[in-house]
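*Asks:* Here are the chains, one letter per residue:
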Amino acid sequence: MMLATSCQHSTIGATVVPQKPTAFGAALIESSGGKQLAQTGSLLPQPVVVQVNNDQGTAVPGALVQFSATPGVTFDPPNGLTDSSGQLTTNVTLGGMTGRYVITASAFDKSHKKLELKLEEIALGYQQTLGRRLNDQFCERCHNPESAAERVSNYDNLEVKPHPFTEGDTLNKMSDADLTAIVTHGGPALNKSALMPAWGNTLSRSEVQALIAYIRAVADPPYRNTGPAFAKN
Amino acid sequence: MKEKLSSLWRKLFGDSVRAFGVVSILFLASMAIAPAKNFFSEWRHYQRGYLSLIRNRSEANTLQRHFQGGIQQIWLPDLGVVDRCTSCHVGQGETSLTDVSTQPYRPHPVIPHKSEQFGCTVCHRGQGAATTVEEAHNSTLAWEQPILPAKYIESSCGQCHSGPLPGTPQLNEGRRLLAREGCLHCHAVKLPDGSTMHPTDDPPSLSHIGDKTTREWIFAWLKDPQGYATTSTMPNFKLSDDDVRDISAFLIANSTPVAGDALTVIAKTSADPTAGPSLYGESFCASCHAAQNAAGNLVGGDVGPELTRIGNKAKPEWLQAWLRDPRVYDSKTAMPHYRFTDAQVATLAGFLQSKSDSDYLANVHLEAATPEQIAHGKRLVSDYGCASCHEIAGIKKPENFAPELSRIGSKPITQLIFLPGMQHSLPDYIAGKIKQPRAFAPGLKMPQYTFTPAQIDALTTALLSLNERSYRLPTSWAAPAAHESDYKPAGKAGKLMADLACFSCHRINGHGGDMAPDLTWEGSSVQRDWLVQFFKNPGTLRPALIRRMPRFNFTDAEVNELTDYIMTVYQSPTIDHDSMPLSGYPQGQIELGRQLFYGKYACQGCHIVDTNTDKGYIGPTLTHVGSRLTAAWIYQWLKNSQALRPGTIEPNRTMSDEDARALTAFLISQKSGAKQQVAKK
Chain R
0 MMLATSCQHS TIGATVVPQK PTAFGAALIE SSGGKQLAQT GSLLPQPVVV QVNNDQGTAV
60 PGALVQFSAT PGVTFDPPNG LTDSSGQLTT NVTLGGMTGR YVITASAFDK SHKKLELKLE
120 EIALGYQQTL GRRLNDQFCE RCHNPESAAE RVSNYDNLEV KPHPFTEGDT LNKMSDADLT
180 AIVTHGGPAL NKSALMPAWG NTLSRSEVQA LIAYIRAVAD PPYRNTGPAF AKN
Chain A
0 MKEKLSSLWR KLFGDSVRAF GVVSILFLAS MAIAPAKNFF SEWRHYQRGY LSLIRNRSEA
60 NTLQRHFQGG IQQIWLPDLG VVDRCTSCHV GQGETSLTDV STQPYRPHPV IPHKSEQFGC
120 TVCHRGQGAA TTVEEAHNST LAWEQPILPA KYIESSCGQC HSGPLPGTPQ LNEGRRLLAR
180 EGCLHCHAVK LPDGSTMHPT DDPPSLSHIG DKTTREWIFA WLKDPQGYAT TSTMPNFKLS
240 DDDVRDISAF LIANSTPVAG DALTVIAKTS ADPTAGPSLY GESFCASCHA AQNAAGNLVG
300 GDVGPELTRI GNKAKPEWLQ AWLRDPRVYD SKTAMPHYRF TDAQVATLAG FLQSKSDSDY
360 LANVHLEAAT PEQIAHGKRL VSDYGCASCH EIAGIKKPEN FAPELSRIGS KPITQLIFLP
420 GMQHSLPDYI AGKIKQPRAF APGLKMPQYT FTPAQIDALT TALLSLNERS YRLPTSWAAP
480 AAHESDYKPA GKAGKLMADL ACFSCHRING HGGDMAPDLT WEGSSVQRDW LVQFFKNPGT
540 LRPALIRRMP RFNFTDAEVN ELTDYIMTVY QSPTIDHDSM PLSGYPQGQI ELGRQLFYGK
600 YACQGCHIVD TNTDKGYIGP TLTHVGSRLT AAWIYQWLKN SQALRPGTIE PNRTMSDEDA
660 RALTAFLISQ KSGAKQQVAK K
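Protein sequences, first through last, are from chains R and A. According to numbering that gives the first Met the number 0, the first sequence is numbered sequentially starting from 0. According to numbering that gives the first Met the number 0, the second sequence is numbered sequentially starting from 0.
By construction, these hints were calculated from the structure, which means they are not laboratory data. Any given hint could be a false lead.
Claimed, not checked - Derived list of chain R stretches under chain A, where covered just means 3 residues or more per stretch with a C-beta under 8 Å from a C-beta of chain A: (1) 77–87; (2) 101–115; (3) 169–180.
Claimed, not checked - Okay, derived cross-link-like pairs now, DSS-like style, lysine-lysine, Cα gap no bigger than 25 Å in a straight line: (4) K410/A x K160/R; (5) K191/R x K434/A; (6) K599/A x K191/R; (7) K3/A x K237/A; (8) K491/A x K535/A; (9) K331/A x K222/A; (10) K19/R x K160/R; (11) K314/A x K222/A; (12) K396/A x K189/A; (13) K331/A x K395/A; (14) K444/A x K160/R; (15) K614/A x K191/R; (16) K354/A x K410/A.
As the list claims (entries may be wrong) - Sample of chain A residues facing chain R (criterion: CB under 7 Å; computed from the structure): (17) A270; (18) A294; (19) L297; (20) P645.
Only a predicted model underlies this, so the values are computations on that prediction, with no experimental measurement involved. Where is the CB? At the ideal position from N, CA and C, for every residue including glycine.
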């Protein structure tokens with residue numbers, strides 16, 4: 000029997016009546032704002048920006064774009080017309096549940112065919128947030144190949160390349176126990192490079208768990224938790 | 000009508016037997032209502048739903064065994080908690096239900112506390128004793144504590160934890176903003192432990208503002224502070240042109256010159272146009288000050304004010320005086336006294352002066368001020384509470400200028416006035432007030448800030464943590480913040496360190512900034528000769544670091560004073576210099592150390608010893624470490640780095656004594672000059 004689930008946080012904020020579009024595009028593309036990390040229930044650090052293009056690939060101002068997602072996700076604004084550069088910007092607040100959220104931007108083309116663009120955002124719970132902080136402090140300098148102005152990556156300097164944590168293809172295959180072992184006892188624990196030091200005396204057991212929760216949260220393709228195995232009755 | 004009623008009455012209660020029968024039936028029917036109400040209650044509905052949810056799962060037996068029917072209750076008299084939430088949220092403690100996302104069966108995410116110890120409403124608010132969805136989650140006439148929206152949940156951590164926690168970035172940021180953005184200058188916040196929250200910003204004194212800038216600049220600034228510098232923390236008071244004209248007139252008229260001849264232009268600017276920018280770079284001004292670069296991006300730190308248009312603001316003579324010795328103008332400034340030569344002062348001042356926008360003050364034309372305007376300006380300055388933040392000669396800092404916020408997080412909704420169209424909830428009210436304070440009533444004085452939506456959420460979170468419950472909690476539950484120590488080094492060296500503002504960047508004995516290394520044990524760590532050389536010419540230790548210690552034009556006497564003090568006072572009791580020599584280790588041990596460095600411990604991942612082969616970018620370069628660090632420090636660091644500098648990212652490898660000794664021997668043999676031969680062997 001399916002139960003109607005009560006939703007505590009109904010969409011907050013005044014509902015905006017969609018404006019009338021003055022133009023129609025042929026394609027909907029992402030300008031920025033996909034694949035962001037935010038805590039559960041909080042705003043994404045950057046707004047989501049989408050762009051409507053015509054069939055020549057040039058931006059279309061005045062096209063109506065609507066945002067939607069699972070209940071609990073709110074948009075400010077939830078819909079609107081694209082600006083002079085063909086873009087619409089919205090601030091997104093994620094729902095209270097940890098995990099992936101799919102955000103759909105939709106618009107109609109001239110023949111009223113629906114154009115859709117799906118973006119994925121990641122909500123971090125308490126444990127993942129803690130893991131993210133540990134990642135920033137201890138792991139990212141080697142495991143993230145991207146350099147920032149204030150934080151130069153060490154990735155290119157390493158003879159054996161570490162796995163970026165988003166590399167789901169590889170990391171999803173490793174069990175929690177294996178990841179715990181490699182973090183706690185270092186690379187050699189799994190016959191891997193000694194360039195990965197042992198963190199077992201620096202990080203506590205719960206910190207290592209938090210780190211693994213974070214690694215699971217950012218994996219791409221997403222990590223599927225099979226859960227503990229129980230005998231069938 | 001009357002007839003009909005009387006005939007009905009006669010039919011039902013006509014004679015005593017009939018009346019008895021009817022009354023009995025009514026009575027029995029009413030008796031059945033109570034059990035029926037119970038049978039159809041919401042929580043039973045949800046419990047039945049839970050049982051059918053788990054029935055077909057592989058771990059059904061385990062879940063069935065954990066399941067207890069009936070009203071569940073967590074009762075914690077200490078905390079005043081009577082929570083029946085688990086009557087419906089049956090699966091909240093079942094970790095195996097991670098794939099279930101429907102409420103009320105979703106398992107609680109992993110947190111450091113157990114629901115049996117804390118209950119639910121301590122963090123989530125709502126009515127714990129209620130057993131219907133509506134009453135438990137929403138506010139009713141009798142109960143007005145709705146569930147806290149998930150985005151503010153960290154505020155509940157702040158009820159007990161007064162310091163920053165690693166898992167609550169939003170709360171930490173909110174508290175930082177509360178202290179940094181000026182809120183606490185007007186609003187008092189007392190904490191349950193009796194202490195008061197203190198602002199961490201230091202708005203400048205306006206008593207000598209006439210030395211520093213012009214009336215025109217004050218006019219433009221007050222009209223739109225962010226128009227001058229986007230990072231400005233000064234809020235916009237939305238003043239009229241006339242009010243701004245009068246305030247600027249008062250501030251200039253009220254300003255007194257700084258004593259002495261500090262404000263005279265002495266030297267001429269260097270002829271080399273690159274000298275200014277390179278001195279700005281060499282002095283690492285950007286570690287603290289931001290400025291827009293040619294591409295329009297803001298580059299630099301946020302310790303000092305933004306310098307993008309400093310040339311529009313600062314008078315040339317003031318800028319020179321400030322660069323020569325900032326403490327003449329502001330004795331408590333975080334800016335170090337660089338000891339620039341006159342030529343350097345002129346060069347740097349000239350460069351900064353060129354950072355200006357020719358249009359910025361083009362439209363500001365002010366007539367000479369009249370006495371009435373000045374008097375009116377003075378009245379406005381008192382009315383708007385300018386002296387709450389800024390020191391202004393002749394105006395007393397107002398007490399309790401704005402409402403106290405110590406318990407704002409539990410303010411009753413009945414006491415709030417909402418804007419039309421606004422959700423009637425406390426978090427929305429607080430966020431709305433921060434977003435547009437003047438919208439709530441005419442004549443309100445709170446200025447307009449330029450917070451981002453995320454910053455407003457963070458501030459709201461921090462304010463919601465200041466609530467009634469945090470005062471009612473047993474004192475044993477309080478987790479106090481680590482208080483900043485008021486450590487001050489003594490004597491001549493102490494004066495010198497204050498003049499150099501060492502504590503703006505470095506931390507010593509629990510006091511100071513976190514931009515540069517903690518120097519609490521610096522005397523145990525480094526060799527004296529190295530420290531002397533470093534003061535004279537601070538080189539970089541980390542290849543990938545942009546920020547670096549600036550060079551101060553020290554006299555030899557100053558270097559000796561500082562070095563002596565550091566080498567004598569900042570000594571760790573656990574490190575004995577005489578326990579390990581700086582040289583004379585057997586070649587075999589050095590070789591073993593090398594093998595451990597490159598093999599077992601793979602230190603080259605983060606450090607560089609041989610610049611030809613090693614590339615590690617994370618730790619300090621170790622090419623000359625034998626001339627920099629003491630052997631005893633290296634040994635103890637290898638044994639347990641976290642004990643010497645808590646929070647360092649050097650992992651603790653629990654090395655054997657033998658390994659640590661061999662590595663120390665290898666590292667201490669990496670001396671400046673001798674590097675090549677040792678490394679190539």
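*Asks:* State for each hint whether it applies.
*Replies:* Consistency of the hints with the structure:
1. 77–87: violated (count 0)
2. 101–115: Our answer is that it is violated, as 0 residues pass the Cβ test (under 8 Å) against chain A, missing three.
3. 169–180: Answer violated; 0 residues pass the 8 Å Cβ test.
4. K410/A x K160/R: violated, 54 Å
5. K191/R x K434/A: violated, 52 Å
6. K599/A x K191/R: The given pair, whose Cα atoms are some 12 Å apart, holds under the 25 Å limit.
7. K3/A x K237/A: It is violated: about 74 Å lies between the C-alpha atoms, which goes past 25 Å.
8. K491/A x K535/A: Holds, at roughly 19 Å.
9. K331/A x K222/A: Given pair K331/A, K222/A is violated - Cα atoms ~28 Å apart, limit 25 Å.
10. K19/R x K160/R: Judged against 25 Å, a Cα distance of about 53 Å means the pair is violated.
11. K314/A x K222/A: Answer holds: K314/A to K222/A is near 20 Å, not above 25 Å.
12. K396/A x K189/A: holds, 19 Å
13. K331/A x K395/A: Holds, at roughly 20 Å.
14. K444/A x K160/R: violated, 58 Å
15. K614/A x K191/R: holds, 20 Å
16. K354/A x K410/A: violated, 48 Å
17. A270: violated, 32 Å
18. A294: violated, 13 Å
19. L297: violated, 11 Å
20. P645: With Cβ-Cβ at 11 Å, over 7 Å, it is violated.
Hint compliance for this structure: hints 1, 2, 3, 4, 5, 7, 9, 10, 14, 16, 17, 18, 19 and 20 are not met, and every other hint is.
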